[in-house]
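S.K.: Here are the chains, one letter per residue:
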Amino acid sequence: MFEITLPSAKMFKSCVDAIVILIDEGEIEIGEEGLKLRAMDPSQIAMVDFELPKSAFEKYEVKPTRIGLNLDDLAKVMARARPDEKLTMKLDESKARLVLLFKGKATRRFVIPLLDIGGTMPKKPQIEFESVVKFNGNFFKEALKDAQLVSSHVVLRTDPDAFIIEARGDKGEVTIRAEKNSDQIFDYDVKSNARAMFPLEYLNDLLKNADANTNVELSLRTDAPLRLEYKVGDASITYYLAPRIETT
Amino acid sequence: MFEITLPSAKMFKSCVDAIVILIDEGEIEIGEEGLKLRAMDPSQIAMVDFELPKSAFEKYEVKPTRIGLNLDDLAKVMARARPDEKLTMKLDESKARLVLLFKGKATRRFVIPLLDIGGTMPKKPQIEFESVVKFNGNFFKEALKDAQLVSSHVVLRTDPDAFIIEARGDKGEVTIRAEKNSDQIFDYDVKSNARAMFPLEYLNDLLKNADANTNVELSLRTDAPLRLEYKVGDASITYYLAPRIETT
Amino acid sequence: MFEITLPSAKMFKSCVDAIVILIDEGEIEIGEEGLKLRAMDPSQIAMVDFELPKSAFEKYEVKPTRIGLNLDDLAKVMARARPDEKLTMKLDESKARLVLLFKGKATRRFVIPLLDIGGTMPKKPQIEFESVVKFNGNFFKEALKDAQLVSSHVVLRTDPDAFIIEARGDKGEVTIRAEKNSDQIFDYDVKSNARAMFPLEYLNDLLKNADANTNVELSLRTDAPLRLEYKVGDASITYYLAPRIETT
Chain C
8 MFEITLPSAK
18 MFKSCVDAIV
28 ILIDEGEIEI
38 GEEGLKLRAM
48 DPSQIAMVDF
58 ELPKSAFEKY
68 EVKPTRIGLN
78 LDDLAKVMAR
88 ARPDEKLTMK
98 LDESKARLVL
108 LFKGKATRRF
118 VIPLLDIGGT
128 MPKKPQIEFE
138 SVVKFNGNFF
148 KEALKDAQLV
158 SSHVVLRTDP
168 DAFIIEARGD
178 KGEVTIRAEK
188 NSDQIFDYDV
198 KSNARAMFPL
208 EYLNDLLKNA
218 DANTNVELSL
228 RTDAPLRLEY
238 KVGDASITYY
248 LAPRIETT
Chain X
8 MFEITLPSAK
18 MFKSCVDAIV
28 ILIDEGEIEI
38 GEEGLKLRAM
48 DPSQIAMVDF
58 ELPKSAFEKY
68 EVKPTRIGLN
78 LDDLAKVMAR
88 ARPDEKLTMK
98 LDESKARLVL
108 LFKGKATRRF
118 VIPLLDIGGT
128 MPKKPQIEFE
138 SVVKFNGNFF
148 KEALKDAQLV
158 SSHVVLRTDP
168 DAFIIEARGD
178 KGEVTIRAEK
188 NSDQIFDYDV
198 KSNARAMFPL
208 EYLNDLLKNA
218 DANTNVELSL
228 RTDAPLRLEY
238 KVGDASITYY
248 LAPRIETT
Chain Z
8 MFEITLPSAK
18 MFKSCVDAIV
28 ILIDEGEIEI
38 GEEGLKLRAM
48 DPSQIAMVDF
58 ELPKSAFEKY
68 EVKPTRIGLN
78 LDDLAKVMAR
88 ARPDEKLTMK
98 LDESKARLVL
108 LFKGKATRRF
118 VIPLLDIGGT
128 MPKKPQIEFE
138 SVVKFNGNFF
148 KEALKDAQLV
158 SSHVVLRTDP
168 DAFIIEARGD
178 KGEVTIRAEK
188 NSDQIFDYDV
198 KSNARAMFPL
208 EYLNDLLKNA
218 DANTNVELSL
228 RTDAPLRLEY
238 KVGDASITYY
248 LAPRIETT
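Chains as they are written, first to last, in our numbering: chain C, 8 to 255; chain X, 8 to 255; chain Z, 8 to 255.
One or more hints might be untrue.
Since copy identity is lost for identical chains, a pair holds within one copy or between any two.
Derived pair list, reagent style DSSO-like, types lysine-lysine, alpha-carbon separation capped at 27 Å [what the hints assert, rightly or not]: (1) K83 / K148; (2) K152 / K93; (3) K148 / K70; (4) K112 / K66; (5) K110 / K148; (6) K178 / K102; (7) K130 / K187; (8) K178 / K130; (9) K43 / K17; (10) K215 / K83; (11) K152 / K110; (12) K198 / K83; (13) K215 / K112; (14) K238 / K66; (15) K215 / K17; (16) K17 / K198; (17) K198 / K102; (18) K102 / K215; (19) K70 / K130; (20) K83 / K178; (21) K70 / K178; (22) K152 / K215; (23) K148 / K17; (24) K152 / K43; (25) K61 / K198; (26) K112 / K198; (27) K97 / K178; (28) K238 / K178; (29) K141 / K187.
Calculated directly from the structure, the hints in this document are not laboratory data.
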């Protein structure tokens, strides 16, 4: 049983959007310390790791439990959130459904059925990253759009001075070079150069909910999965994405 | 024969949009007192009753007549209206076509053929409504979008304290409750509680041309058609919509 | 060999958009005096004549040459230009590819392959026009939208007092009359009345990149091709469009 209230329904909408981009159904753990969801996408290429700490809530009365949800349907309900609305979530009497109360000018009540999903949370990948770069979400999104003109894959790499995004294909080549001291790079920690190739379709998805105001941290290791992390209010969203083998 | 001029072509555009949402072809009565059109939609589920009084016109020289029009085509012409344009309508020399003159910076002349429609105007439904609620168009439109998440039908009902919009389906339940004293309710006159179910597709259509600045009056009677009424400038648009039988 | 730099990449984007609307592949002549491209559209109904003088460039180091390009792909690269970015173009080492450098906050490098197109530049049509009318692009675009309601063709004509756009079809008639002294007509030079009919689809294309701030010069001769000309920064875009035979 639980009854939890967030001061901003919109903020939870952004969290759900960042999860649903990878997975359609999933289990949210409602624990002593907060909400948690970790899951692989159906094709096993990407993982999302979401955490929203108890401290983000106005009210947090919880007997730890896990609830399975159709996240697509949850996202559609959350899309109805308006600015200045609070969100209260609780189980209904039968315990088989989640009640979402949006409280603003009017009170709107949505009830969605729980799913029996089961399975266990996958473990976090343990990777010793070689390079960590921070930038705003928009910079990276735009660079990916540049790359998309010529390929469906992109090479991300670091050298001692710059973070470099590269793509090449029949239609030509694209190179975006952001110097470590430029406006666009907030933090640049390169122990050794890293280089790996990733599918653009997935990268676009991971960035979809980041914007010009979002600081994104990208961790790279040569031919290893990347980690991409950003905050949505008090929540943290971490993605892992498997590399593609470069064939030249 | 007639020659009539409205100070705002845009306002007539809004009127035509509110009619064409239900009917594709229709007869406008150009009478001593103003324009009038009343018609059922092709599926006989909804009726529109439109009136634009003589007083709304700058010039109103009319020998009463009725003109049949393809309202789809009329709506496309009216969509070309610009702010600050006047609209003059008259029959052309042959009397078989309607001339629309938009006068602003340039003069634009559109001529559309008349249709031979015939038939008689349906009568207004006589219903003794139990509840009358006034609100802004946007509030109701948004509530219908909420409901649409779970069903293609919606229950509208009143109790002594609130106007309630409800929907339920396989995907869950939605309830929006607007208290009679809330910001969203301008007027609340409930002789006795009313409750009826309506198809969302039609309701959305009826509201399509109402917005946050439109005061909408909704009249309900249990398991009877609803009446929904609002003003477009000096024109009044009244819709009737048949209920659906609730099966639980 | 060449290396040329424009102060505004966005301006070159607009030029490419104005060309690509008619032709997918073409040869740009990079000459002593500037850039030039003249080509017929594949259906041989319209011609574009583009000139961008040397004076528009910050840097213009050129050994005259011609480069064949997939203009569709070039337009996609140019669509990535941002305000305040400079554009440098040069051949790459192998000379088989065009390098485009966008320099703003970051440096972005696009490389696209050259095409072997060959052929010769068509000659400019020599027409003694009877009427020349100047107006803003938006006025004409809107008039074409009016005309489109009833036909896929439009008659453009001048009389001593006005520039007139007419269309007629099964759905009715449209006439737009812009008096020579009206706000919309900047210049009106009618030696003798001209009248010709043109396909709307093409006219729409020619105007696509003109807007309310674009002064358009239209030259007409009865049953002869029209010439339509406007500036994009320092560049001039001239289109010729063949008339259709009027059958009444």
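S.K.: At most 27 Å between alpha carbons: which applies to K130 and K187, within, between, both or neither?
M.R.: neither (32 Å within a copy, 52 Å between copies)
S.K.: Between K112 and K198, at a C-alpha cutoff of 27 Å, which is it: within one copy, between copies, both, or neither?
M.R.: Classified as between; 25 Å across copies, 53 Å inside a copy.
S.K.: At 27 Å max between alpha carbons, let me know whether K83 reaches K148 within a copy, between copies, both or neither.
M.R.: both (24 Å within a copy, 16 Å between copies)
S.K.: Up to 27 Å between alpha-carbons, please classify K215 paired with K83: within, between, both or neither.
M.R.: both (17 Å within a copy, 21 Å between copies)
S.K.: As a check of your reading, is K70 near K130 (CA-CA no more than 27 Å) within one copy, between copies, both or neither?
M.R.: Classified as within: same-chain Cα gap 24 Å, cross-chain 61 Å, threshold 27 Å.
S.K.: At most 27 Å between CA atoms: does that hold for K198 and K83 within a copy, between copies, both, or neither?
M.R.: neither (43 Å within a copy, 37 Å between copies)
S.K.: Checking an output row: K141 and K187, CA cutoff 27 Å. Within, between, both or neither?
M.R.: Answer is within: at 10 Å inside a copy they meet the 27 Å cutoff, but 51 Å across does not.
S.K.: Since the copies are identical, ignore which copy is meant and state whether K112 and K66 lie within 27 Å (CA to CA) inside a copy, between copies, both or neither.
M.R.: Within one copy only: 20 Å inside a chain, 44 Å across chains, cut-off 27 Å.
S.K.: Tell me, please, which holds for K152 and K43 at an alpha-carbon limit of 27 Å: within, between, both or neither?
M.R.: neither (31 Å within a copy, 30 Å between copies)
S.K.: Can you give me the call for K178 and K102, within, between, both or neither, at a CA distance of at most 27 Å?
M.R.: between (56 Å within a copy, 16 Å between copies)
S.K.: Using 27 Å as the alpha-carbon threshold, which applies to K97 and K178: within, between, both, or neither?
M.R.: Close across copies (17 Å), not inside one copy (53 Å); limit 27 Å.
S.K.: Give the relationship of K17 and K198 under a CA distance limit of 27 Å: within one copy only, between copies only, both, or neither.
M.R.: neither (38 Å within a copy, 38 Å between copies)
In terms of the numbered hints stated before, the structure departs from hints 3, 7, 8, 12, 16, 17, 18, 24, 25 and 28, listed from lowest to highest.
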